[in-house]
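Novice: Given next are the chains, with one letter for each unit.
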Amino acid sequence: MSAVSDTAAAVPRRTKTDRIRRLTTGMPVSVRLSLVVLVIMALVTVFARWLIPFEFDQMDLRARLAPPFPLEGFDWTHPLGTDKLGRDVLSRLMIATQTSILLALLGTLIGAVLGTLLGFVAAHFRGWVDEAISTLVDFQAAMPWFIIALAILAFMGNSMLVFLLLMGLYGWERYARITRGLVFAAREQGYARAVEALGGRPAVIYRRHVLPNIMSPLIVQLTINFPETILFETSLSFLGLGIRPPMTSLGQMLGEGRDYLVTAWWLAVIPGTIIFLTTLSMSIFGDWLRTRFDPSLQD
Amino acid sequence: MSSLVIEKAEIGTPRHRDAVSSPTLLAAENLSRSFVYRRGSLLRREARFRAVDDVSLTLREGETLGIVGESGCGKSTLGRLLSGLARPDAGSATFADLSLSSLSGQAWRASRRDIQVIFQDTAGSLDPRLPIEEQVREPLDLHAIGTPESRVQAAQEMLDAVRLGRHMWGSVPGELSGGQQQRVVIARALILKPRLLVCDEPVAALDVSIQAQIISILQDMRSRLGLSMIFISHDLGIVRHIADHVAIMYLGQIVESGPSETVFSDPAHPYTRALISAVPVPDPKRRRQRRLLSGDPPSPHTPPPGCRFHTRCPLKVERCTSEEPRLTLQGAHGVACHFAEVAP
Numbered sequence: 004m005s006a007v008s009d010t011a012a013a014v015p016r017r018t019k020t021d022r023i024r025r026l027t028t029g030m031p032v033s034v035r036l037s038l039v040v041l042v043i044m045a046l047v048t049v050f051a052r053w054l055i056p057f058e059f060d061q062m063d064l065r066a067r068l069a070p071p072f073p074l075e076g077f078d079w080t081h082p083l084g085t086d087k088l089g090r091d092v093l094s095r096l097m098i099a100t101q102t103s104i105l106l107a108l109l110g111t112l113i114g115a116v117l118g119t120l121l122g123f124v125a126a127h128f129r130g131w132v133d134e135a136i137s138t139l140v141d142f143q144a145a146m147p148w149f150i151i152a153l154a155i156l157a158f159m160g161n162s163m164l165v166f167l168l169l170m171g172l173y174g175w176e177r178y179a180r181i182t183r184g185l186v187f188a189a190r191e192q193g194y195a196r197a198v199e200a201l202g203g204r205p206a207v208i209y210r211r212h213v214l215p216n217i218m219s220p221l222i223v224q225l226t227i228n229f230p231e232t233i234l235f236e237t238s239l240s241f242l243g244l245g246i247r248p249p250m251t252s253l254g255q256m257l258g259e260g261r262d263y264l265v266t267a268w269w270l271a272v273i274p275g276t277i278i279f280l281t282t283l284s285m286s287i288f289g290d291w292l293r294t295r296f297d298p299s300l301q302d
Numbered sequence: 271m272s273s274l275v276i277e278k279a280e281i282g283t284p285r286h287r288d289a290v291s292s293p294t295l296l297a298a299e300n301l302s303r304s305f306v307y308r309r310g311s312l313l314r315r316e317a318r319f320r321a322v323d324d325v326s327l328t329l330r331e332g333e334t335l336g337i338v339g340e341s342g343c344g345k346s347t348l349g350r351l352l353s354g355l356a357r358p359d360a361g362s363a364t365f366a367d368l369s370l371s372s373l374s375g376q377a378w379r380a381s382r383r384d385i386q387v388i389f390q391d392t393a394g395s396l397d398p399r400l401p402i403e404e405q406v407r408e409p410l411d412l413h414a415i416g417t418p419e420s421r422v423q424a425a426q427e428m429l430d431a432v433r434l435g436r437h438m439w440g441s442v443p444g445e446l447s448g449g450q451q452q453r454v455v456i457a458r459a460l461i462l463k464p465r466l467l468v469c470d471e472p473v474a475a476l477d478v479s480i481q482a483q484i485i486s487i488l489q490d491m492r493s494r495l496g497l498s499m500i501f502i503s504h505d506l507g508i509v510r511h512i513a514d515h516v517a518i519m520y521l522g523q524i525v526e527s528g529p530s531e532t533v534f535s536d537p538a539h540p541y542t543r544a545l546i547s548a549v550p551v552p553d554p555k556r557r558r559q560r561r562l563l564s565g566d567p568p569s570p571h572t573p574p575p576g577c578r579f580h581t582r583c584p585l586k587v588e589r590c591t592s593e594e595p596r597l598t599l600q601g602a603h604g605v606a607c608h609f610a611e612v613a614p
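Sequence lines, in order, name chains A and B. Sequential numbering from 4 applies to the first sequence in the working numbering. Sequential numbering from 271 applies to the second sequence in the working numbering.
Isolated chain A (complex conformation) (with noise of 0.2 angstroms):
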C-alpha cells in the first residue's frame, strides 16, 4: 500500500493513440505480416463491387482457361487468368472472398452472441437452468457437426438461411462454456456485489460491468473461432452443398477447380491459397491476442 497522496504526480490519463502504441510494441513480425494480410483481406471484403474489373459472372467464351501472371500466354486484362467459362478469376476471387468472409463473420457472430447469452443465462439462473444448458453445451461438443450439416443442407436444400444458421451454431457451445465460467467468478467479485449493494439490478451490472471484464478471452475466442468458421463454409461449398452457382465463395471456386488440376492447376491453387493465407493469418494473430490479454502467459 503506497503512500501516495493528493499532490503526487498527476496520474497521466489513458489516450487511444497510448493504447495503440502499447498494443504494437514488441508484435513480432509474423503477427504484422497476418495483420497486413486480414487488413488486405477487409478492405477487399468491403470494396469489392468497386475493384473488380469485370463482373464476377461475365463470360467469355473464347478466352477459356487463360494463365494466370507469369505464365506464358497470360494477358494483362485477365491477371489472375480465366476459368472454364472465361470467367476472370481475379474478379471472381475477390467476389468469393466477399461471401465467404461475410458468411463466416455472420456465423461467428451468431455463435459468438448465442453462446454468450446462453453463458449469462446458465451462470444467472443456476439450478436446472444451468444444468439444461450445460448438458447442450455437452452434446454440441459430442456431435460431429460437419456430418450433420451435411444432412440437414442434403435434406433442406440450398437455402442461405439454413446455411448460415448451421454455421452461426458451429462452436456456439465454446463462448457458452466460457462465458459460464468468467460469469460464475465474475459474480463472487467484489466489484459485482459492491454494484448489487448500490441497488443495481443484476441486467446492469451484467451489462456494464461483467460483459466489459469478461470480453478479452471472449475476443480471443471469436479470433479462433473464425478461421475455422472459414473452413466450415469452404468445405461445404466445395463439396457443393453450400454455396452453389451461380454464386460464387472461395470453396465454391475451389470444388470448380478441382476438376481441371492437370490442365489448369491454379483455378484450384488460387483459391486455396487465400483460404489458407486468411485462416493462418487469423490463427496466428488470434495466438497473439490470446498471450497478450492472458497474463498467465506473459514472460
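Since the hints were made in silico from the structure, they are not lab data. Incorrect hints may appear among the rest.
[Said to hold, decoys possible] Which stretches of chain B does chain A cover? Using the computed rule of at least three CB atoms under 8 angstroms from a CB of chain A, they are: (1) 392-404; (2) 409-423.
[Claimed, not checked] In silico negatives: residues of chain B with every beta carbon more than 12 angstroms from chain A: (3) N300; (4) L495; (5) H504; (6) S535; (7) K586; (8) L599; (9) G601.
[As the list claims (entries may be wrong)] Residues from chain B shown here face chain A by an in silico Cβ test under 7 angstroms; the list is partial: (10) V306; (11) R379; (12) R382; (13) V387.
We put the CB at the ideal spot given by N, CA and C, even for glycine.
Given the coordinates of chain A, work out where chain B should sit on it, guided by the hints.
Specialist: Showing chain B alone in chain A's frame:
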C-alpha cells in the same frame, strides 16, 4: 442467550451530536444466522455453525455504533444482517419502519438509497475498468436520481468532498493507491445521501497514516450528512475514537455493550478487559497489567457449553461451564458474565 438493547446514553455524553433524544433508526431483535459447513446426506446430518447467535441491538439516528471482536467472531456477518445484505435465519432487523428481511426485489433495491455499506476489500469492490468519476456517479444512474448533468456535478462534488484531486477523476482504480481507492468507495457510498452507513473494517488494509485520513473523512462526512454509522473493526483505538457506543462480540454473541467511554474506561467483561489491555500504550513509563489470553478462540462449529468464553477466561469457575450468562444491563451498560459485579 444474550439480549441487549443499547439504551440512551446515561453515562458519558455522545461526543458527536446530541443523540440522547433522537429516534431509533435501526433495531435488531434476536438476530441469528448460521452457515452450513458440511452438507448433509443420507448417512450424516447437515452440520451448521452459528456465525451470529441471538443478537439484539438498537441504533439511534445520528449515532455511531462500533462492533469489535476477533476475526471470525461473526462481526462481518452481523454487519451484513444489519445492512440487509444478508437475511437472518431468525430474528429481525428493522430500519426506520422497514423490515429488512421481508423486502424483495424492487423494494430492497430502493432501500439501498438509505443504507450503504463500505467493504474491507476496497480494490475488489471497484470495477477495474471504469474511470472513478463514472463509478462514483453510478449509484445516481442506478436509482435514476436527477438529470444526467446534475449527476455529473454531484459526482464531482463528492470526489472533492473526499479530497480526491481533479486530475485523478479519469483514472481507473488500478492507478490509485489503497487510500485513494477507499476514498472513491466512500464517495460512491455517500453520493446517495444514505441515512445509515455500515463500514466493515474500512481501514484494516491501510497504512496507519492513511487510516487516520480515512477516519477523518468519515467523521467529516458524518457530520455533514447527519449519518448514522455502524463501524465494524478489530482496532479498539479507532473504535474508541469514532464510536458513541460499542458492542464487543465473541463467538457470535455480544458479551459487553454500552457507551464507548464507559466500556473502554471501565470494562466489566474479562474478554473486554483482555482486549483493552492488549492495546499498546505509547508510553514506556506507564506499565500496565497485561492480561494476555492464551489459546485461540474455540471453533464456532462447536461452541463450548455454558459461557462461551470460559475456555480462555481467567475467572472461570464451575458455574461458567454449565450456565450461560445473560447480558444484564446496568443503565446503558450491558455485560454477559457471571462475575460482572464482583470482578476486580
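Novice: Run every hint past the structure and note whether it holds.
Specialist: Status of each hint after checking the structure:
{"no.": "1", "hint": "392-404", "in the structure": "holds (count 8)"}
{"no.": "2", "hint": "409-423", "in the structure": "holds (count 3)"}
{"no.": "3", "hint": "N300", "in the structure": "24 angstroms, holds"}
{"no.": "4", "hint": "L495", "in the structure": "17 angstroms, holds"}
{"no.": "5", "hint": "H504", "in the structure": "18 angstroms, holds"}
{"no.": "6", "hint": "S535", "in the structure": "33 angstroms, holds"}
{"no.": "7", "hint": "K586", "in the structure": "41 angstroms, holds"}
{"no.": "8", "hint": "L599", "in the structure": "33 angstroms, holds"}
{"no.": "9", "hint": "G601", "in the structure": "36 angstroms, holds"}
{"no.": "10", "hint": "V306", "in the structure": "17 angstroms, violated"}
{"no.": "11", "hint": "R379", "in the structure": "4 angstroms, holds"}
{"no.": "12", "hint": "R382", "in the structure": "3 angstroms, holds"}
{"no.": "13", "hint": "V387", "in the structure": "5 angstroms, holds"}
Against the hints set out earlier in the document, a violation occurs for number 10 only.
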